[in-house]
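Asker: What follows is the residue order along each chain.
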Amino acid sequence: MSYKSQSSTNIFAHVRAVWRYRWSAIVLTSLLCVFGWLFVHNMKNSYQAEAQVYIDSKSVLGPILKGVGSDIRQANEVKMLALTLLSRTNIEIIAEKSNLLKKDKGELYKELFLSRLANQIKLVQDTKGSKSANIFSISYFHENPKQAYTVVRTTLAQLESKILNHGGIHKGAAQSFLMRQVNEYEQRLKYAEKKIKEFKFKHSDIITDKGNVIYHNKLEQARNDLEENALALSEVKKHHELLLKQLSAESKLIGSHNNKNPLLTRIRIQNEKLDELKLLFTNEHPDIISLRQSIADLEHQLKSQPNNKAIKSSNNPIYQDLKTTLNKVEAKISGLALRAVEYRKKIKHFLGLLSLMPEIETEFLNLTRGYNVVKDRYDQLLQGLESARVAEEISTSSNTIKFDIITPPLIPLLPSSPNRPRLNVFVILIALTLGIAFAFVLSYMRPIFENYYSLKQHTGIPIVGSVSLQKDNAWYIRHYLELAFFLLCSMGLMTVLIYLNY
Amino acid sequence: MTKNKQTHQANQVNQAIQQIRNVENHLVKRNLDKIILDVERLKTRGIYLGDDIPSPLLSEMRIIKQSIISNAFLTEPPLENGNFIVITSSLANEGKTYLSMNLAISLAMELGYTTLLMDTDVLKPQLSELIGVQERKGLIDLLSGQISDISKVILKSNIANLAILPCGTPNDLATELLSSERMKMLVKKLISWIPKLIIIADSAPLLLTSESRIMSRHAGQILLVVEAEKTPQSAVMEALDLLKKRREIVGLILNKHQHRLGYGYGYGYGYGYGYGYSYGYGKKK
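One line per chain: the protein sequences are A and B, in this order.
First residue of the first sequence? That's 1 in the working numbering, and the numbers climb one at a time after it.
First residue of the second sequence? That's 1 in the working numbering, and the numbers climb one at a time after it.
No lab work stands behind these hints, which were simulated from the structure alone.
Since the structure is predicted, the reported quantities are computational estimates derived from the model, not experimental observations.
By construction, the Cβ of each residue, glycine as well, lies at the ideal position given by its N, Cα and C atoms.
Taking lysine to any residue pairs in the SDA-like style, the calculated list, with each CA pair at most 25 Å apart, reads:
{"id": "1", "chain 1": "A", "residue 1": "Lys471", "chain 2": "B", "residue 2": "Leu91"}
{"id": "2", "chain 1": "A", "residue 1": "Lys237", "chain 2": "A", "residue 2": "Lys252"}
{"id": "3", "chain 1": "B", "residue 1": "Lys230", "chain 2": "B", "residue 2": "Asp241"}
{"id": "4", "chain 1": "B", "residue 1": "Lys230", "chain 2": "A", "residue 2": "Pro447"}
{"id": "5", "chain 1": "B", "residue 1": "Lys43", "chain 2": "A", "residue 2": "Leu469"}
{"id": "6", "chain 1": "B", "residue 1": "Lys43", "chain 2": "A", "residue 2": "Trp475"}
{"id": "7", "chain 1": "B", "residue 1": "Lys29", "chain 2": "B", "residue 2": "Gln18"}
{"id": "8", "chain 1": "A", "residue 1": "Lys456", "chain 2": "B", "residue 2": "Leu240"}
{"id": "9", "chain 1": "A", "residue 1": "Lys456", "chain 2": "B", "residue 2": "Arg217"}
{"id": "10", "chain 1": "B", "residue 1": "Lys230", "chain 2": "A", "residue 2": "Leu483"}
{"id": "11", "chain 1": "B", "residue 1": "Lys124", "chain 2": "A", "residue 2": "Leu469"}
{"id": "12", "chain 1": "A", "residue 1": "Lys471", "chain 2": "B", "residue 2": "Leu42"}
{"id": "13", "chain 1": "B", "residue 1": "Lys230", "chain 2": "A", "residue 2": "Ala13"}
{"id": "14", "chain 1": "B", "residue 1": "Lys43", "chain 2": "A", "residue 2": "Glu482"}
{"id": "15", "chain 1": "A", "residue 1": "Lys328", "chain 2": "A", "residue 2": "Glu250"}
{"id": "16", "chain 1": "A", "residue 1": "Lys456", "chain 2": "B", "residue 2": "Met237"}
{"id": "17", "chain 1": "A", "residue 1": "Lys456", "chain 2": "B", "residue 2": "Ala92"}
{"id": "18", "chain 1": "A", "residue 1": "Lys97", "chain 2": "A", "residue 2": "Leu156"}
{"id": "19", "chain 1": "B", "residue 1": "Lys230", "chain 2": "A", "residue 2": "Val15"}
{"id": "20", "chain 1": "B", "residue 1": "Lys124", "chain 2": "A", "residue 2": "Trp475"}
{"id": "21", "chain 1": "A", "residue 1": "Lys202", "chain 2": "A", "residue 2": "Leu367"}
{"id": "22", "chain 1": "B", "residue 1": "Lys230", "chain 2": "A", "residue 2": "Phe486"}
{"id": "23", "chain 1": "A", "residue 1": "Lys471", "chain 2": "B", "residue 2": "Thr44"}
{"id": "24", "chain 1": "B", "residue 1": "Lys230", "chain 2": "A", "residue 2": "Asp472"}
{"id": "25", "chain 1": "A", "residue 1": "Lys471", "chain 2": "B", "residue 2": "Tyr48"}
{"id": "26", "chain 1": "B", "residue 1": "Lys43", "chain 2": "A", "residue 2": "Asp472"}
With beta-carbon atoms standing in for the labels, derived distance ranges:
{"id": "27", "chain 1": "A", "residue 1": "Ser24", "chain 2": "B", "residue 2": "Gln6", "range": "48 to 56 Å"}
{"id": "28", "chain 1": "A", "residue 1": "Asn42", "chain 2": "B", "residue 2": "Arg41", "range": "56 to 64 Å"}
{"id": "29", "chain 1": "A", "residue 1": "His458", "chain 2": "B", "residue 2": "Pro54", "range": "24 to 32 Å"}
{"id": "30", "chain 1": "B", "residue 1": "Met185", "chain 2": "A", "residue 2": "Arg446", "range": "40 to 48 Å"}
Just chain A, same shape as in the assembly (with noise of 0.2 Å):
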């Protein structure tokens, strides 16, 4: 007949070997269960103390969180929260309120309990809401249950006084801090003005009012004038010519034609000028048209008076008004010629400036782009200035809310922990782990024979007979009565821990 290999040991095997030292099992568990039950036991309890807040959190962290990026803030929120309302001083001052520090222990050990203390006061965000409620719970454990209640409550008040008697942290030092830039910016903006108006002033010949450069203008312009003269001067020259050469031809006429009507004769000369002028000009020339009126006056007169009588030619009038338009030609004449003069000044002086235009422009953009920039900052540092009085107005006006009590801490009643049934369970669990580990060992320190072959293979001498158990009537009585009381030793070990948890 064959027999399997049996040299690996399988699952039954094991479960058996386990079985075997079932009572040394049994005894490991329940000694292990009586001392992490009598531990359980003698744990001390700690007692939570919990209030639910309202913490505006967006104003209280505010100016601190400016300029931090939006997703990173949010993501810290609660952490930030923590540490600024949990500071070193706050911390402290919690400490000392709620009799929590001990005296005479030196500076170190105040410091770890400070520092232990701020990781032991838990503000945690309650998510039950909606992510972006601004409700937080601030907890504390302590084995006595008035002290647990004590710290939250003066947690509760410390913060409540630091946040709604100051208007928010540093909030003030923000506000001053804007102040003072403003005013720095005002200062460099009326320098940058000042100088702005000092070059324009230096250079108002080709820098207007309004800031544009206008020398090439102005240059065109001199040039155009000084065209536009010398035109005019020459035709007042050419007139110039003209009455002289009258003059001489009337002194001339004088002398043959005195005793005619002057008037008649002065119109007759008029009209003779005229037809010249008319040669030369348009209607619309000045000259013209002075000369048509005076012949119209002449005719008026002439028509007006009666008879006249010789008028002596002493003064001829033809005469005399060439004279005098005479002089007035030649006040013109030196009129223009002085313009000319000026003009010709000016030239000079735009064409000396060209070489220095270039850095002129320049210096000019330079102080303007320099006032723009000033200006601009000076405009920003305003709005936000604006922008925190304004904030801080709604946020000190009573209709918004920074912080409020939901729900006041209380005196708890019962301990939050240790959570004993559940450790009870748990030091079971380990116990039966321990001991079927602890029976396995066993079984594998004391081995066995099972069988034949291990009987062979192991001791190498013949076997000259293998015996089965005679399982009696008796036999089975002891078996059963045996697995009963284990069984019931084992009820009895759940028992317990039932009864401990209930």
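Put chain B on the given structure of chain A with help from the hints.
Answerer: Chain B only, in chain A's frame:
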């Protein structure tokens, strides 16, 4: 055949065997005290005297028996004291008494052999108690010299060809007596007392006493009983270590074994030993 006829035939065969036994029953002739074995009481202890022996046990005994007989009488050259067989174990309560009684009864059924069952566990004479002869004089008395005639101490039983030698009067010097030369001489005496005698000696655990170790030196065959699933391997190895380098034959009997899951089948009978299988000592005849 009908059932009646079958039973009738079986009975006839039994009777025939009994007759042969009676013919070869040397004990009948001897003037020995007789004791009646309490069948029922013994049955409660797992020791079967009659035909109601469970067949597994019957087969198992048969296998062991064959080996014993083969080594005792059928080896060439003959094993010294080969018909003196000591049943021992490493620790207590492994089933020596149970096995030695059942084995002795089984051997007594063998035609042509007489079996003497001896209780040498002087510290705990369980065998004598089992049979009910612990009050009687026995081995120790023979050893101490108080009684010199073995026929005064040896008892015959209601089983043909089965004689019993009780442990005897408790004595402080029992262990010394057992390890003395007297034991050696007594063994010689016993062996030559009846022809084709097989002596089964139920002894003390090897690791718990020293006298069984010493006494077993006188034996030709030592059978070490190992209780399955209980005796530590280390104990067995230690016991075997004590029995090393001897001229006796050592064999193992695995007792109280159970068929367990995960060990295949076909495990229990007929591994190829028995029927004259001899180990480590010469060849079969």
